[in-house]
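Q: Residues per chain, in single letters:
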Amino acid sequence: GQNIDQPTEMTATEGAIVQINCTYQTSGFNGLFWYQQHAGEAPTFLSYNVLDGLEEKGRFSSFLSRSKGYSYLLLKELQMKDSASYLCAVGPNYQLIWGAGTKLIIKP
Amino acid sequence: DGGITQSPKYLFRKEGQNVTLSCEQNLNHDAMYWYRQDPGQGLRLIYYSQIVNDFQKGDIAEGYSVSREKKESFPLTVTSAQKNPTAFYLCASSRGTAATNEKLFFGSGTQLSVL
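Protein sequence lines correspond, in order, to chains G and U. Once you know that position 53 of the first sequence is 53 in the numbering used here, the rest is easy, because the numbers rise by one and skip nothing. Once you know that position 28 of the second sequence is 1028 in the numbering used here, the rest is easy, because the numbers rise by one and skip nothing.
Chain G with its partners taken away, still in its complex shape (with noise of 0.2 Å):
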């Protein structure tokens, strides 16, 4: 079958740097899609993988590696407004596989 983990939860303080894993497994692999989700709001789209490697944007960068069906999202500085879920996702569109989503949750 086909599927994406990710861990359910995660806790991390203001200021420090935050991994969030997903491990997928599809038929096939298209690009790998990373998105933000502040609590009742839309999806917003953070990073797109790929190819093997780290995409750095600001103080947010994503990993994929192919062969081991594997992505991180990593979050430097944290900040309040970092609390939210992010979502891990394969392509292509008209056939995404979505992970259920890791809930961070930041403290002062």
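No lab work stands behind these hints, which were simulated from the structure alone. Every residue gets a Cβ at the ideal spot worked out from N, C-alpha and C, and that includes glycine. Check before you lean on any hint, since a few could be wrong.
As the list claims (entries may be wrong) - Computed cross-link-like contacts, DSS-like style, restricted to lysine-lysine with a CA-CA straight-line distance of at most 30 Å: (1) G:Lys68 x G:Lys103; (2) U:Lys1103 x G:Lys81; (3) U:Lys1014 x U:Lys1070; (4) U:Lys1083 x U:Lys1009; (5) G:Lys103 x U:Lys1103; (6) U:Lys1070 x U:Lys1009; (7) U:Lys1083 x U:Lys1014; (8) G:Lys76 x G:Lys57; (9) G:Lys57 x G:Lys68; (10) U:Lys1071 x U:Lys1009; (11) G:Lys81 x G:Lys57; (12) U:Lys1071 x U:Lys1057; (13) G:Lys81 x G:Lys103; (14) G:Lys103 x U:Lys1083; (15) G:Lys103 x U:Lys1009; (16) U:Lys1014 x G:Lys57; (17) U:Lys1103 x U:Lys1057; (18) U:Lys1070 x U:Lys1057; (19) U:Lys1103 x U:Lys1071; (20) U:Lys1009 x G:Lys81; (21) U:Lys1083 x U:Lys1057; (22) U:Lys1014 x U:Lys1103; (23) U:Lys1071 x G:Lys76; (24) G:Lys68 x U:Lys1103.
Claimed, not checked - Facing chain G, from chain U, some residues (calculated, C-beta under 8 Å): (25) Asp1030; (26) Ala1031; (27) Gly1040; (28) Leu1045; (29) Phe1055; (30) Ala1081; (31) Pro1085; (32) Thr1086; (33) Leu1090; (34) Gly1109.
Said to hold, decoys possible - Covered stretches of chain G, as calculated for chain U (at least 3 residues, CB under 8 Å): (35) 43-50; (36) 53-64; (37) 93-99.
Position chain U against the provided structure of chain G, taking the given hints into account.
A: Just chain U, lined up with the frame of chain G:
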């Protein structure tokens, strides 16, 4: 500003009733999607559309219907055949076709509950 607008924010359905969720976008995107989000689960695709007057079933289309009469609009009807409709419904759009990996732009969602 361009974006996707969903309405209403909250909707209540009585047993045996059909309800329609609105989704409008002014991003000039060809592809539009409807997702259902339940607690503890990943997003699940209900329907998607790549061009006007054409749409395809997703993984959980039973009990739902859609139309795409205009490029900007992709309404979702939750019919009485959907026995467990309580969920958060998200509409999204993307550039290009649905077979691409263009990022999705989401509306703010509609929370549907059963009375």
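Q: For each hint, tell me whether it holds in the structure or not.
A: Each hint tested on the structure:
| no. | hint | verdict |
| --- | --- | --- |
| 1 | G:Lys68 x G:Lys103 | holds, 24 Å |
| 2 | U:Lys1103 x G:Lys81 | holds, 22 Å |
| 3 | U:Lys1014 x U:Lys1070 | holds, 29 Å |
| 4 | U:Lys1083 x U:Lys1009 | holds, 21 Å |
| 5 | G:Lys103 x U:Lys1103 | holds, 21 Å |
| 6 | U:Lys1070 x U:Lys1009 | holds, 22 Å |
| 7 | U:Lys1083 x U:Lys1014 | holds, 11 Å |
| 8 | G:Lys76 x G:Lys57 | holds, 11 Å |
| 9 | G:Lys57 x G:Lys68 | holds, 23 Å |
| 10 | U:Lys1071 x U:Lys1009 | holds, 22 Å |
| 11 | G:Lys81 x G:Lys57 | holds, 17 Å |
| 12 | U:Lys1071 x U:Lys1057 | holds, 18 Å |
| 13 | G:Lys81 x G:Lys103 | holds, 13 Å |
| 14 | G:Lys103 x U:Lys1083 | holds, 29 Å |
| 15 | G:Lys103 x U:Lys1009 | holds, 22 Å |
| 16 | U:Lys1014 x G:Lys57 | violated, 46 Å |
| 17 | U:Lys1103 x U:Lys1057 | holds, 20 Å |
| 18 | U:Lys1070 x U:Lys1057 | holds, 18 Å |
| 19 | U:Lys1103 x U:Lys1071 | holds, 18 Å |
| 20 | U:Lys1009 x G:Lys81 | holds, 23 Å |
| 21 | U:Lys1083 x U:Lys1057 | holds, 18 Å |
| 22 | U:Lys1014 x U:Lys1103 | violated, 35 Å |
| 23 | U:Lys1071 x G:Lys76 | violated, 40 Å |
| 24 | G:Lys68 x U:Lys1103 | holds, 24 Å |
| 25 | Asp1030 | violated, 11 Å |
| 26 | Ala1031 | holds, 7 Å |
| 27 | Gly1040 | holds, 6 Å |
| 28 | Leu1045 | holds, 7 Å |
| 29 | Phe1055 | violated, 11 Å |
| 30 | Ala1081 | violated, 24 Å |
| 31 | Pro1085 | violated, 18 Å |
| 32 | Thr1086 | violated, 15 Å |
| 33 | Leu1090 | holds, 7 Å |
| 34 | Gly1109 | holds, 6 Å |
| 35 | 43-50 | holds (count 5) |
| 36 | 53-64 | violated (count 0) |
| 37 | 93-99 | holds (count 7) |
Checked against the numbered hints given earlier, the structure breaks hints 16, 22, 23, 25, 29, 30, 31, 32, 36 and satisfies all the rest.
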